[in-house]
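Participant: Each chain, letter by letter, is given below.
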Amino acid sequence: MPHQVPIAEGLFTWPADQPALLCSRCQHCGIASFPVADSCMACSGQEVSVEELPNQGTLWTWTVQHFMPKTPYNSGETMETFKPYGVGYVELPGGVRVEGRLTESDPQKLQIGMPMEVVFAPYRTDDDGNEVISFFFRPVQ
Amino acid sequence: MDVAIVGIGIHPFGRTPARTGLQQGAYAARAALKDAGVEWRDIQFAFGGSASAGSADALVNELGLTGIPFINVANGCATGGSSLISAYNAIKSGQYDIGLVAGFDKHDRGAFNADPKELGIGQWYGEVGMMMTTQFFAMKIQKYMHDYGISTDSLARVSEKSFINGAKNPNAWRREPIGLDEIKSATMVNDPLTKYMFCSPSEGGVALILCRADHASRYTRTPVYLKAASFRSRRFGSFEVFAPSQALQQVDGPTVDASRAAFEMAGVGPKDIDVMQLQDTEAGAEIMHMAENGFCEHGEQEHLLASGATHIDGRMPVNTDGGCIANGEPIGASGLRQVYENVAQLRGAAGERQVPGDPKLAYTHVYGAPGISAVTILQK
Ligand SMILES: [Zn+2]
Numbered sequence: 307m308p309h310q311v312p313i314a315e316g317l318f319t320w321p322a323d324q325p326a327l328l329c330s331r332c333q334h335c336g337i338a339s340f341p342v343a344d345s346c347m348a349c350s351g352q353e354v355s356v357e358e359l360p361n362q363g364t365l366w367t368w369t370v371q372h373f374m375p376k377t378p379y380n381s382g383e384t385m386e387t388f389k390p391y392g393v394g395y396v397e398l399p400g401g402v403r404v405e406g407r408l409t410e411s412d413p414q415k416l417q418i419g420m421p422m423e424v425v426f427a428p429y430r431t432d433d434d435g436n437e438v439i440s441f442f443f444r445p446v447q
Numbered sequence: 025m026d027v028a029i030v031g032i033g034i035h036p037f038g039r040t041p042a043r044t045g046l047q048q049g050a051y052a053a054r055a056a057l058k059d060a061g062v063e064w065r066d067i068q069f070a071f072g073g074s075a076s077a078g079s080a081d082a083l084v085n086e087l088g089l090t091g092i093p094f095i096n097v098a099n100g101c102a103t104g105g106s107s108l109i110s111a112y113n114a115i116k117s118g119q120y121d122i123g124l125v126a127g128f129d130k131h132d133r134g135a136f137n138a139d140p141k142e143l144g145i146g147q148w149y150g151e152v153g154m155m156m157t158t159q160f161f162a163m164k165i166q167k168y169m170h171d172y173g174i175s176t177d178s179l180a181r182v183s184e185k186s187f188i189n190g191a192k193n194p195n196a197w198r199r200e201p202i203g204l205d206e207i208k209s210a211t212m213v214n215d216p217l218t219k220y221m222f223c224s225p226s227e228g229g230v231a232l233i234l235c236r237a238d239h240a241s242r243y244t245r246t247p248v249y250l251k252a253a254s255f256r257s258r259r260f261g262s263f264e265v266f267a268p269s270q271a272l273q274q275v276d277g278p279t280v281d282a283s284r285a286a287f288e289m290a291g292v293g294p295k296d297i298d299v300m301q302l303q304d305t306e307a308g309a310e311i312m313h314m315a316e317n318g319f320c321e322h323g324e325q326e327h328l329l330a331s332g333a334t335h336i337d338g339r340m341p342v343n344t345d346g347g348c349i350a351n352g353e354p355i356g357a358s359g360l361r362q363v364y365e366n367v368a369q370l371r372g373a374a375g376e377r378q379v380p381g382d383p384k385l386a387y388t389h390v391y392g393a394p395g396i397s398a399v400t401i402l403q404k
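If you read the sequences in order, they're chains A and B.
Quick note: the first sequence, position 118, residue 424 per the working numbering, numbers continuous.
Quick note: the second sequence, position 304, residue 328 per the working numbering, numbers continuous.
Errors might be hidden in some of the hints.
[As the list claims (entries may be wrong)] Simulated restraints on C-beta separations: (1) B:S76 - A:H309: 32 to 42 Å; (2) A:M347 - B:D139: 48 to 58 Å; (3) A:P428 - B:M289: 46 to 56 Å; (4) A:M347 - B:E376: 43 to 53 Å.
Bear in mind the hints are in silico, worked out from the structure with no lab data behind them.
Since the model is a prediction, treat every value here as computed from it, not as a measurement.
Note that the Cβ used here is the ideal one computed from N, Cα and C, for glycine as well.
The whole structure should be built from the sequences, with the hints applied where relevant.
Facilitator: Here you go:
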């Protein structure tokens with residue numbers, strides 16, 4: 307099995323038995339931020355703690371990306387192998403609405419308000435042969 | 025001291041392989057000088073901007089080295105609006121009598137590719153393919169359609185009107201009308217938006233000559249007064265482009281804030297406006313911006329568009345020159361194009377696209393990344 311590395315440090319717990327997205331929460335006003343930030347965008351407070359976000363929420367809005375973006379897009383795909391992908395904001399209760407790629411790209415199967423869960427999966431292979439792990443939102447079956 | 029616009033110049037938008045962006049800016053500046061009947065050496069100061077076509081102050085190489093203080097402005101889609109506000113303040117303060125505002129650009133084909141690092145966002149965000157303005161606009165209108173009952177037909181009607189107006193504008197890029205069905209069934213770019221519902225990066229230049237209102241009659245018989253110019257950035261909780269997350273509690277965006285500030289400054293309300301240019305990065309943006317700028321209630325657009333209210337001969341003409349959809353978006357010039365169009369409309373010089381009924385008050389609005397908006401109100 308290839309070595310797995312997270313797409314960015316501090317975005318989610320990795321490796322972990324039950325990986326989760328990470329947010330910072332302002333100690334002053336209680337607002338959560340994703341990704342983790344040193345200060346609070348709501349009140350400018352600088353005392354924040356890091357916590358795990360819930361793994362389930364609802365789809366707040368979505369679209370499907372039908373053309374391949376230019377760099378910095380880096381998926382290992384070529385123009386020939388590119389596949390359209392879904393993108394959406396998922397409202398994680400008590401936390402924040404997180405933007406992420408969706409595992410579903412069929413517009414007929416996406417609906418505002420539908421339940422979604424976060425999953426962690428290989429996104430591409432880096433130059434050293436490592437699997438780069440990112441987060442995705444998947445409709446709850 | 026009130027401020028008047030006494031000269032306007034434009035270089036046609038679209039693709040002009042024979043001219044650099046800077047040359048298109050100089051072309052517009054010379055046209056504006058000629059329109060006001062002044063020489064470059066008479067201009068006391070300048071503000072200008074360009075996102076992809078070099079420094080705006082390089083215009084002095086084209087126009088002449090007069091020692092003028094020329095300040096470069098870089099504020100994304102609000103570059104033109106920010107230049108205009110700066111010039112407005114420079115004259116209003118009494119520091120200067122007459123100045124130039126210029127914006128030009130020349131972008132590569134295809135969608136803009138933004139760099140996450142420049143906006144303080146992690147590289148991962150771009151790597152996974154979310155650093156896309158088109159996605160934001162698609163997701164915003166998707167949510168809006170869901171909440172306020174706006175149909176795909178309404179999206180197509182906006183584009184249909186843009187192309188009709190573009191066909192009447194000699195400076196527009198897209199000058200062929202496109203039918204409703206063709207717009208709806210075109211290649212999907214980002215659901216629910218097809219390729220004919222988006223504007224594309226393009227080229228062009230616009231320049232304006234501003235002066236103290238009490239000097240305006242020296243330069244023109246048809247001065248247009250800048251009654252308000254406002255600019256706002258996003259507050260916490262507004263739904264904005266390039267945001268890896270959004271707050272659970274939503275607040276009004278910068279458009280609403282800039283609009284309110286401009287109406288207050290001008291002492292008029294949305295019902296007083298006779299012609300309006302609203303940021304139409306895509307068809308959905310025009311719909312949402314109608315309500316965000318106070319011209320209708322959320323959801324009311326569905327019947328306004330179906331009744332033709334936003335056409336040139338309608339009761340609230342929107343984007344009479346074809347907007348971004350028919351002109352494309354040269355970032356540095358785009359906001360000033362709206363002002364150019366409104367001055368032409370208020371002078372009664374807009375030709376085939378002239379709004380009937382002798383319009384007296386005109387409104388411009390831009391919106392851009394990462395959550396900024398600029399508004400102007402012009403009066404003749
Ligand atoms: Zn806070």
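Participant: Confirm or reject each hint.
Facilitator: We went through each hint and held it up to the structure:
The given range of 32 to 42 Å is respected by B:S76 and A:H309, whose C-beta atoms sit roughly 40 Å from each other. Between A:M347 and B:D139 the C-beta distance comes to about 21 Å, which lies outside the given range of 48 to 58 Å. As the Cβ distance of A:P428 to B:M289 is approximately 54 Å, the hint placing it in 46 to 56 Å holds. At about 48 Å, the CB distance of A:M347 to B:E376 agrees with the hint of 43 to 53 Å.
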